[in-house]
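Protein sequence lines, in the order shown, are assigned to chains A and B. According to full-length UniProt numbering, the first sequence is numbered sequentially starting from 1. According to full-length UniProt numbering, the second sequence is numbered sequentially starting from 1.
Just so you know, these hints were derived from the structure itself, not from any lab. Heads up, the beta-carbon is just placed ideally off N, CA and C, and yes, glycines get one too. Keep in mind that the hints are not guaranteed to be accurate.
Once the Cα atoms are required to be at most 20 Å apart in a straight line, the calculated SDA-like pairs of lysine to any residue come out as [to be verified]:
hint, chain 1, residue 1, chain 2, residue 2
1, A, K33, B, E463
2, A, K33, B, G164
3, B, K900, A, R89
4, A, K206, B, W472
5, A, K156, B, R216
6, B, K167, A, R239
7, B, K162, A, G138
8, A, K12, B, K900
9, B, K906, A, D31
10, B, K391, A, R239
11, B, K841, B, L393
12, A, K12, B, G412
13, B, K166, A, L135
14, A, K33, B, D198
15, A, K140, B, D198
16, A, K140, B, L393
17, B, K900, A, R45
18, A, K140, B, K906
19, B, K167, A, T51
20, B, K414, A, F221
21, A, K140, B, K167
22, A, K140, B, D195
23, A, K140, B, R216
24, A, K12, B, G70
25, A, K195, B, G412
26, A, K140, B, E193
Sample of chain B residues facing chain A (criterion: CB under 7 Å; computed from the structure) [to be verified]:
hint, residue
27, F25
28, A409
29, K495
30, F895
31, D898
32, K906
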Amino acid sequence: MNKWLMIIDIEKCENCNNCFLACKDEHYQNDWKPYTLSQPLHGHRWMNILTREQGEFPYISVTYLPKPCFHCEDAACVRNTSKKEIYQRSDGIVVVDPEKARGKRNLVKACPQGAIWWNEENQTPQKCTLCAHLLDDGWKAPRCVQACPTGALTFKSLPEEELFSFIKANDLESFHKVMRGRSIVMYKNLSLYRKCFIAGSVATRKNGVEECVEGVTVELFKNGSLVDQKITDSFGEYRFSGLPEKRGKYQIRVIYQHKVTDEFDIELVESCFAKVSWI
Amino acid sequence: MPVLKIIIHRLLKITGKPLLSFMLFALGYLFRIRAIFDKEFKKRLNEKNFTAQIIALKEKKGRIFEFKSGSIVARSTDLNCGSNNEHHDVANFQADVTVSFTDAASAVWLMLNSGNYHEQIHAMKNFVVNVEGPDDLAIWFMQSLKWLKGLSTPGAYGIPLKDGVKKYTNNTNGGPVFVYVKEGRIIRITPIEFDDNDAPPWQINARGKTFTPPRRGTVNPYVLALKSLIYSPDRLLYPMKRIDFDPDGERNCQNRGISGYERISWDEALDIVSKEIQRMKRDYGPGSIMNGSGSHHTWGNLGYWLSTRNRFMNSIGYCPVVHNPDSWEGWYWGAMHHWGNSMRNGASDTYGTVEDCLKECEMIVFWSSDPESTSGVYGAFEGTVRRQWAKELGIEMVHIDPYYNHTAALLGGKWIAPRPDTGNAMSLAIAYVWITEDLYDKEYVALRTTGFEKWRDYILGLEDGIEKTPEWQEKETEVPAREIRALARKWGTRKTYLSPGGLAGFGGACRSATGIEWARSMVCLMAMQGLGKPGINMGGLQQGTPVDTHFFFPGYAEGGLSGDLDGTSLRVNLYQRMPQLPSMNTVAQMIPRLRIPEVFLNGSCEGYPTDPKTIEGQFKKFKYPAPGYSPVKMYYKYGGSHFGTMPESNRYVKAYQSDNLEFVVNQSIWFEGESKFADVILPACTNFERWDIGETANSGGYSHHQFTQWNHRIITMQHKCIEPLGESKSDYQIFLEIAKRLDLGAPFSEGSSELEWCRRLFNASDLPKVISWQQFMKKGYYVVPAPDESLRAPVSYRWFAEGRKKDLPELSPLPSDYTEKWKSGLQTQSGKLEFESSSLKRFAPDDPERPTISKYIPSWEGHGCKDLVEKYPLQMISPHPRYSFHTMFDAKDGFMNDVKDHRILKKGHYYWIVRINPLDAAARNIRQHDLVEIFNDRGSVICAAQLTHRLPPGVVHSCEGSARYEPVGEPGNSADKGGCINLLTPGKSIIKRSHSSAPNSCLVQIRLWKNEMSEGKSGAIQIERKSGAVQIEGKSVTVQIEGKREAIK
């Protein structure tokens, strides 16, 4: 039995919103029974794009996280509903049955990730169906994937036995720790969204003229042990990224021509620009 | 076969009379037989009761057809009987409609060649054939004859799918689409994915890797919102009249924008408009009717603004609104004087640059360039994959933009954020480093350029005593000198592509007070680095794909059915390929678009032309009113709202309320901001409700070969997917209905329906060589195969760098614009790239606003304007919107309202967004998504604040292009909660000797919006300035942070 896999690559998402809008185009004023009734014109975000801006001008990073229903394996929403209002198909797609779920506003809370939306008009909870009606019809991907112009969203159908090795080989992660560790929607480069950075730069003054210093070694320590090492670029800049998003005390050591020219402590609260080290 | 032709015509002379009799006899039966198996035709025959005759004047023979309640009675006529009148009169009195041929031989020849428009048009122009009678009936009769030939009916089209769904194709400013229709309603609009029969794409081998684009077309986000816009509650579905407008009595011009509308019938609306046209010409004379369009329109060779509109307006005679080169500005008024390229409004050609860049280039400098947001123009996301390849190849990228734009965010690389409107200081400092550190191509400068010494001396300070050092620029741009020094060294030692603007020759920086000087420097910098050498060129992989440039399909600026040889580029290709009656405007009076308000408020204005023929085209000043013409009294507004797109647009609001403007008709699809200022509204339909034909991103004309932004050339039949909503009609039908009321229907339409025009365009292109009309109608699109590698266009400027003749597939410059020999050298007087411009030396050598070399001239509305900065300390940039195309896709209660980065929902209203640095926001007690008022002396706009470090302190960012104009009080004098940022931007031209706009030179202040009704002008809040801190309403907020830029209070 093949399973669907949607891969969302954070590095390639630029917030164009094509996925979000294609979803609206597919579902606004169209009933796709038995999977869902139509989506209202405004308000629902079956594909919800989150933005994370980190750092301060001019040392920042901006990343986006398109967040649909993950179609978790052993999904909480399925477990939490006794009367099969929400069920999982054999290909992994999780469906809110529009008939059985009608009038049951509480089901919106069945998803801890907030992927279920309440439709006031037709009194049903709704969410991403992975365009099951189209996949049933022979489409190779849901609308959001088809509309993605950057390759951030891709879609695959894999035999169950190959799935695990594929996920491992491609370094995919699920957004949250689900039971048995996976969902149909998996992320690539999730750390770009989740993790922090410390940036800084190295400069010098020669005869009253300021210069960026390229090729300086900058070391990052935590609790005395080396975490990472960077070489400054032609603008004298370095950036330690992928740091865990927790409070932490770091030490930075700037080494130029085998001499430590600057050394300082920095407490990471959120992504930041440390300083210009004048050497 | 000239002999054969003579024989045929001699034979016709002998046999013409009996042949004509036979053909006309048969025609009656053709009508009847068609009606038997074609239900639509049968229905059509029921539409009219009248008589039509076809006659040969020489032989005085013909046949009359009487249409009555769906039946046809035919009888022969003999003009010899019963009358001694002159033959023309005879022809008139026997039937309602008369098609007369000079003689039977010509009649037979033309009827046999009814699909040969060259013959038909020629016969019309020489009065070999003539049609007389009421327009309505004459056109009906002509179109019925064409129906018999199958020219007026589509036949089978689209792809049937299961459950009664049909898949059609259409096209948009943001890419081609499939349209799924069920029971007459659009259910889905998707990008086009190719099938196995479509041509394979090109491949590029670069640095050991092979790149080939995906077999599909991409679309802009707003394209996916089209369904919600087509069915938007803001659609104009019926003709309307302002309730207090009476064409025969009180007009109440002062109430435009205030009073409401009532629904009227089409007949009433068309009668008012056509009678007003006649009244204008009768009472005031030529020049009293003004018409202009937005910069864009709905896609297609019939529907875009240079086709149907021109033909109609030329037919009635009008005072045209002349566009400023709004996307090019600095390139047109500045850069052109150094390298020519007048055909492209001073922008760069970019042939072959995708391949050259991927193979050779080491670094791309994106300068005021965000193709991921602006898509070049019409480029959707086609360039994205190419830039991702560049990233994969390790080509370094640098982004110079006050805003951390989406191209920078996606691709990474150094971000350099100059203070807006100061970029040319940075350019000069880069040149300074190159000169002083010997980092430029001296051989190229010596061989291929002139005037370098003069520019060099200016940069070194020999002219004005100021060395244009990186430290000097830091005071202007706030970018650390060391970073500019590092950038210049990198650039001077690597093969570098410069991408100025989303397209090479656009960019927000060119639309500012310093935009002309900036664009000039962009060209000069590349001249110093050897423009055209391998890996050294203009562009950011947005243009220059190796698609087939030899395959001809017309772009919209080639004029479509306009017949307009002066106002479009029709004469280059299309006029020969698609013979049509020429149309010509007889009114020489023109209005510069940016001065429309002054026409009514001041009664006079002046401007300079946008004329891409030659460099000198821009020098000829024109004035309104023109000698001997009437002042403008009527405005025929067509297309999108100017309030959101033209600078200082409260002027436009006020102009509408002037009594000098007696009549306003607005022909629009949606009830946008400006529609609400008309006396009569004519509802047009979208391109999904009418026939058209068009190629993606092919604009032709001033943007020649623009389709090289696309990875594939995709030519589409733009199917009529659904019937027009409500009572809306296509622009063509609306114009035709008015034309008929002026007896202009025949010259306007040539008796062709829109579908027939599409077929004429199809036949004019190279498509018939590769696909039949029937196949094209069914499938809906054709992908032009990529050419053999040997036939790819050469790289732009390579010929120039190597001192060869120009070898690019473009006709520009015109032969007379070469100085030495045809195709040798550039369009400039010297034929070289001129650091010191010879055209400016000839025109105005002492103009302090535009010297003969590029200089740093501080902005007239920038950080140096001390008095103004006291009141309005923030610099606002207003780039093109990412989630709309000007006003076209914004608001209208569509999906785009829900895009978080486009509008923000607050208290039931979707507000436009202003982006502001958190330090500036904190200084004003502004939190995320608070409603704020942006204001200056020109106006006030209410937006939702988005706090972001993507901007330096002191700079705010809010896009142009709001479709809504919602004044909270008196229109023109109160705050707008619709989001028309252009209420705030300056209306003056960049320099006096131009017709240009500088929306990115705009000083404003921002404060929390207290939600009160604001009346009259807003005043600035008083802020006490202290070092490192500001006082606002008694609260002290420390904003200075060590080592970083200070918040602007």
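Verification of the supplied hints:
| no. | hint | in the structure |
| --- | --- | --- |
| 1 | A/K33 x B/E463 | violated (77 Å) |
| 2 | A/K33 x B/G164 | holds (17 Å) |
| 3 | B/K900 x A/R89 | violated (32 Å) |
| 4 | A/K206 x B/W472 | holds (17 Å) |
| 5 | A/K156 x B/R216 | holds (18 Å) |
| 6 | B/K167 x A/R239 | violated (50 Å) |
| 7 | B/K162 x A/G138 | holds (12 Å) |
| 8 | A/K12 x B/K900 | holds (19 Å) |
| 9 | B/K906 x A/D31 | violated (29 Å) |
| 10 | B/K391 x A/R239 | holds (18 Å) |
| 11 | B/K841 x B/L393 | violated (44 Å) |
| 12 | A/K12 x B/G412 | holds (11 Å) |
| 13 | B/K166 x A/L135 | holds (19 Å) |
| 14 | A/K33 x B/D198 | violated (34 Å) |
| 15 | A/K140 x B/D198 | holds (19 Å) |
| 16 | A/K140 x B/L393 | violated (30 Å) |
| 17 | B/K900 x A/R45 | holds (10 Å) |
| 18 | A/K140 x B/K906 | violated (39 Å) |
| 19 | B/K167 x A/T51 | violated (36 Å) |
| 20 | B/K414 x A/F221 | violated (25 Å) |
| 21 | A/K140 x B/K167 | holds (17 Å) |
| 22 | A/K140 x B/D195 | holds (13 Å) |
| 23 | A/K140 x B/R216 | holds (14 Å) |
| 24 | A/K12 x B/G70 | violated (63 Å) |
| 25 | A/K195 x B/G412 | holds (17 Å) |
| 26 | A/K140 x B/E193 | holds (12 Å) |
| 27 | F25 | violated (54 Å) |
| 28 | A409 | holds (5 Å) |
| 29 | K495 | violated (15 Å) |
| 30 | F895 | holds (5 Å) |
| 31 | D898 | holds (6 Å) |
| 32 | K906 | violated (13 Å) |
In the structure shown, a violation is registered for the earlier hints numbered 1, 3, 6, 9, 11, 14, 16, 18, 19, 20, 24, 27, 29, 32, in ascending order.
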